[in-house]
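**Q** Sequence:
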Amino acid sequence: MIAQQYKEMLKAKSVIRQLSEFATARGKEIGYENVFDYSLGNPSVPAPQAFTDKMIELLKNENPIDIHGYSPSLGIPEVKEKIASSLNKRFGMNYTGNHIFPTAGAAGAISHALRAVTVPGDEVLTFAPFFPEYHPYIDLSGASLKVVPANTETFQINFEAFQEMLTNKVTAVLINSPNNPSGIVYSEETIQKLAEVLKAKEKEYGHDIFILSDEPYREIAFDGKKVPYVSNYYDNTLSCYSFSKSLSLPGERIGYVAVNPACTDAEYIVPMCGQISRGIGHNCPASIIQLAVAEVLDQTADLSVYERNMNLLYDELKALGFTVVRPGGTFYIFPKALEEHSIAFCEKAKKYDLILVPGDSFGCPGYFRMAYCIDTEKVERSLTALRKFVETEYR
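Take the sequence shown: its letter number 364 is residue 364 in the numbering used here, and every next letter is one higher.
To be clear, the hints were calculated from the coordinates, so they are not data collected in a lab.
Any given hint might turn out to be false.
[As the list claims (entries may be wrong)] Think about it this way: if two alpha-carbon atoms lie no more than 20 angstroms apart in a straight line, the pair counts; the simulated EDC-like pairs of lysine to aspartate or glutamate are:
#, residue 1, residue 2
1, Lys-350, Asp-302
2, Lys-169, Glu-123
3, Lys-351, Glu-393
Turn these sequences into a full structure, and let the hints guide you.
**A** Right, here's the structure in full:
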């Protein structure tokens, strides 16, 4: 018999992927340039030229055995040292290469970090709105994901609900700032309060509670905002990073776990991640990608387009009467729909070739997400369709 658990999952495919496929099919009918596809968070700017140049240099000049061979199971040592040095310089940390575990993107980082600090039966808390794939990452590990209801006024942490749900069974808290889908950056005050609550509960319960900090949008911040680096505030933090957004490399599947040197059993966690890889078959990313990324750690793609797009959409949504919290980063905005049921709202938007993602799967029914990682020219043209949609359906 085949595994029924995975067979059942086929009935609940990713809403985001389904909408992206619909947009692609619609584009074949009317031209994709005429479909205002806000479904998929796929970076829309090219990777830095320095990354491409380094790839070419490696391919031309290095020994093929070295650049195409297996990397060590815990990652290439010199790459790990460079990542540690970059983080130390930027955030005042004291990582060494032994605290860094290269992974296949942030998804791989979360999958390893989670298994290092939980066992089947443990509970992991996260905060709505949240990335829907957290459910398979966590639930299929044997742990259980519990979602704290959103504070929809600000999308900062709903501490009242959080403290009610923070029971003795919780061994990890998964946070995402800047946040997908809301675009909100958790304030320093929020992170400090989260750290205080967890320290008190660790003492009360007599066991560690880890923060798994999902940070792929760390470099995409607006209005001069500073994104607090969570490990500066809480020792038991594992940072889960991806270069997919900062360097526009989602297809290269490259990221890492950074283990706070001050956390419990810090010296064991990276070697444990190597053993976890043996169990889930999620081994180190490609050697050549590790080597190339190590040369551009402190660079980014040109991320300014995302702030331009955000301002265009935010201003228009506000003018049309939407309730929307201004994003502090990412390339997402998360307005409240103009009717109670966001699925119905997003279905109506399709008639105007606007592809919007209902907020239900993000843990916030009644809201919708727009991923504005598209050309600014297309965002500008979409505003006419958005106005027509609102005027026709809701005026």
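**Q** Hint by hint, say whether it matches the structure.
**A** Consistency of the hints with the structure:
1. Lys-350 to Asp-302: Distance ~31 angstroms between Lys-350 and Asp-302 Cα, so the pair is violated.
2. Lys-169 to Glu-123: holds (6 angstroms)
3. Lys-351 to Glu-393: holds (10 angstroms)
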